[in-house]
Each structure stands twice: as C-alpha cells, then as structure tokens.
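Colleague: Sequence:
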Amino acid sequence: MPSFHEQLREIDKTLNERYSGRLRNFGDDPRTLGWDTQASQKVRFAMACREIDVTDASVMDVGCGLADFRSYLNDSGKRCARYIGVDINPDLLQQCRSKFPDDTFRCGNLLVDELPDMRADFAVMFGVLNFRFAEISNLEFAKSMITAAFDRVDHALVFDMLTTVRDEDYPEEDFVYYYNPSEILEFAFSLTPHVTLRHDYPSIPQREMMLCLRKHADV
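Last residue of the sequence shown: 220 (the numbering used here), numbering continuous.
The set of hints was computed from the structure by calculation and includes no laboratory data.
Every residue, glycine too, gets a C-beta built ideally from N, C-alpha and C.
There could be a bad hint or two in this list.
Claimed, not checked - Now the in silico label distances, taken between C-beta atoms and shown as ranges:
hint, residue 1, residue 2, range
1, 3, 76, 36 to 44 Å
2, 173, 83, 36 to 44 Å
3, 76, 135, 33 to 41 Å
4, 170, 7, 39 to 47 Å
5, 56, 136, 20 to 28 Å
6, 107, 173, 30 to 38 Å
7, 6, 206, 28 to 36 Å
8, 79, 203, 17 to 25 Å
9, 133, 41, 18 to 26 Å
As the list claims (entries may be wrong) - Straight-line C-alpha distance at most 30 Å; calculated DSS-like pairs for lysine-lysine:
hint, residue 1, residue 2
10, 14, 100
11, 14, 43
12, 144, 43
13, 79, 100
14, 216, 144
15, 14, 144
16, 79, 216
17, 43, 216
18, 100, 43
19, 79, 43
Based on the provided sequences and hints, a complete structural model is requested.
Modeller: Laid out in structure tokens, this is it:
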C-alpha cells in the first residue's frame, strides 16, 4: 500500500494537471482556481486581514495560486515587509513571478518537501483544504497541513474551510469537503490555546469558516 507521502505525490500530479488546464482555459482569473468571483475573494481576504496585521511583517501564502492575496494587499495599501508564495504548480508560479518579480515564490508541498527557508511571521491558507480526496482522509490531510503551516510561523496562521453548518438553499457539492466546526476547533486547541473561529461572515457563495491560530495571546 502506498505511503501517505506517496499518495500525496500522486494527488499533486492530478491537481497540477487540473489547474494547469484551467490556467490555459481561463488565464489569470479566479475561475482558474475554482473561485467564483473576485468579489468573493476580496471578502475572504478582508476577513483574514481583520485577524492579522501584516504591516512590516513577513507573510507566507500557502497554496498561493495566482498570488491573488498579494494583489489584494497591494490594492488595499497593506504593505508587508516580505511576501512568500508557496504552491505545488509551477505554471501558476510562473504567472506569479511575472506579476511580482520582487517577491519570493517556491514550488513544493509543505508535507512532502523540505522547503527549509519557508518561514514567516504570518501564514495564510485559502481554499487549500476544500478539495475532497478519494485517496486519503480529508480530516487527516487538513490536520497535517494546519500543523505544518503553524510550525512555520512566528505569530499566527489564518485558514478557511467549508463548514457542515450549510445554507439550506445551496446544494451540497460532492467534490468539496465540509468540516465540522466543533471538531476543527478541538483540534486547533491541541496546537495552541489562542484560537479565533469566525463563522459569521457572508456566504461566498457557500458558508465557510475562518480560523486564526496564534502562537501567543493577542494584546
């Protein structure tokens, strides 16, 4: 039976084919990454920035895609000291480097690649945990990714997830994974007592939650 890392490598190959194909079809567009609109992205990014102040700080964007969060920071006047984008797809990263040549981009998976220089004050993960896997446990993957990202920050990690507390008028989709907020909150507390869970922002278009895990108390 393949090991967890071997399974992740195969999953990465499949995802790379998917997103490279979408990049060819849609170009530099939220649809390439499966987001519905840029407006929805901005809501998500704004919620994250309520939790962390990136001014003069380093930020690691795990699963950066097309570096849309970097664009948001620039457009909203939030000047971080250093932006680091990490993604498994070299085609997406080529687009990122052409848009932001002064930033740092690395190709790799936090769970299977060394990436020794990938550390920052803050880290964000948007949409990384949403895709439903057939080969591995989504919950175990999510816990592993959250732990790996949290280990690489000095201050805080922010990430979003789809939630089992769903809107009744939005149909359930079989290619995404819905997480139980109580279960995720319990796991977060196993990493740090300094946890915020936001479940009160608008559905975009599905209901999701956002968590902020801090290394120290927010004062």
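Colleague: Output the indices of the hints that this structure fails to meet, ascending.
Modeller: 5
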